[in-house]
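Enquirer: Sequence:
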Amino acid sequence: MADHAGPAAVTRPVQALPPRQLAVPWIAVAALAAVAWAVTVMLARKMGNGPGTMGLALLPFLGLWMVMMAAMMLPSVAPVAVLWTRLISGASAGAGRAVRMSMFLTGYLLTWAAVGAVAFAALAGTGRLLTASPVAAKWLGVAIFITAGIYQLTPWKDWCLRRCRSPVGALLYYLGFKGRSRDVRVGLHHGATCAGCCWGLMIVLITVGVMNVAVMAALAVVILVEKLWRYGKPFGQAVGVVLVAIGVLAIWFPWLLPGLHVSAMPAM
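Its first residue numbered 1339, the sequence shown is counted upward by one per residue in the numbering used here.
There may be inaccurate statements among the hints.
[What the hints assert, rightly or not] Taking CB as the label site, the calculated pair distances span:
(1) GLY1507 x VAL1563: 20 to 26 Å
(2) THR1469 x VAL1559: 31 to 37 Å
(3) ALA1470 x ALA1369: 43 to 49 Å
(4) GLY1534 x TRP1567: 15 to 21 Å
(5) PRO1417 x VAL1473: 43 to 49 Å
(6) ALA1583 x PRO1472: 31 to 37 Å
(7) MET1385 x ALA1460: 16 to 22 Å
(8) TRP1593 x ARG1523: 25 to 31 Å
Derived by calculation from the structure, the hints in this document are not laboratory data. Glycine included, every Cβ here is placed at the ideal spot set by N, Cα and C.
All chains, full assembly: derive it from the sequences and hints.
Expert: Structural data, given as structure tokens:
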């Protein structure tokens, strides 16, 4: 049985919500992001910043990663979460709407959890490389910065960014989906688009340390501006040029790669 309805469901009119009800999801997402930032800063002060996975096993790392992604990504996904709340307003109200938006955000963060598993493997490999050959680790850092910068200029980045900036078409399509997991699946899909848009920026954390709060905040601002500002595309391309420049400069100034220093490795 198909899990979506026909075109009639796609063209269902959007029921407008009163301004007071529209403010609730904005406040809720902002509060979640604020809490996630507070927890991230607290953990960074406690754990410090080091290379690789900082000695963490997979599950503790994923817990840390999820908090970081909530802090960094929720501000930029808030408009989509609010839009989805408007689209489902005809079928849900009050607590039911809050539950459904929570399921959307859960699906969104689950996608980033999958990205976190890949990041764990990459960071673990980087930690081993740093122990075996610091020089090779430096060149890896250079390559990461240049790769991240070049990706900002590619058609693939532009494709994902356009869908993050204008997700209405995709969300209207998902209105036809049936089943209790519909909201989670919508979140998973948007999270995948978001990951395709932002993975190049996220890999920079390998070079500067996964708990580098200053860089995390800078990346969060870049992601937010890319998605919400009318000049987000050229802004993102300018960021790409800066990342390539940093990668080239790191050849002579390795302090630009604080996450790839032997001295930063945690004591055993």
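Enquirer: Which hints from the list above does the structure break, by number from lowest to highest?
Expert: 6, 8
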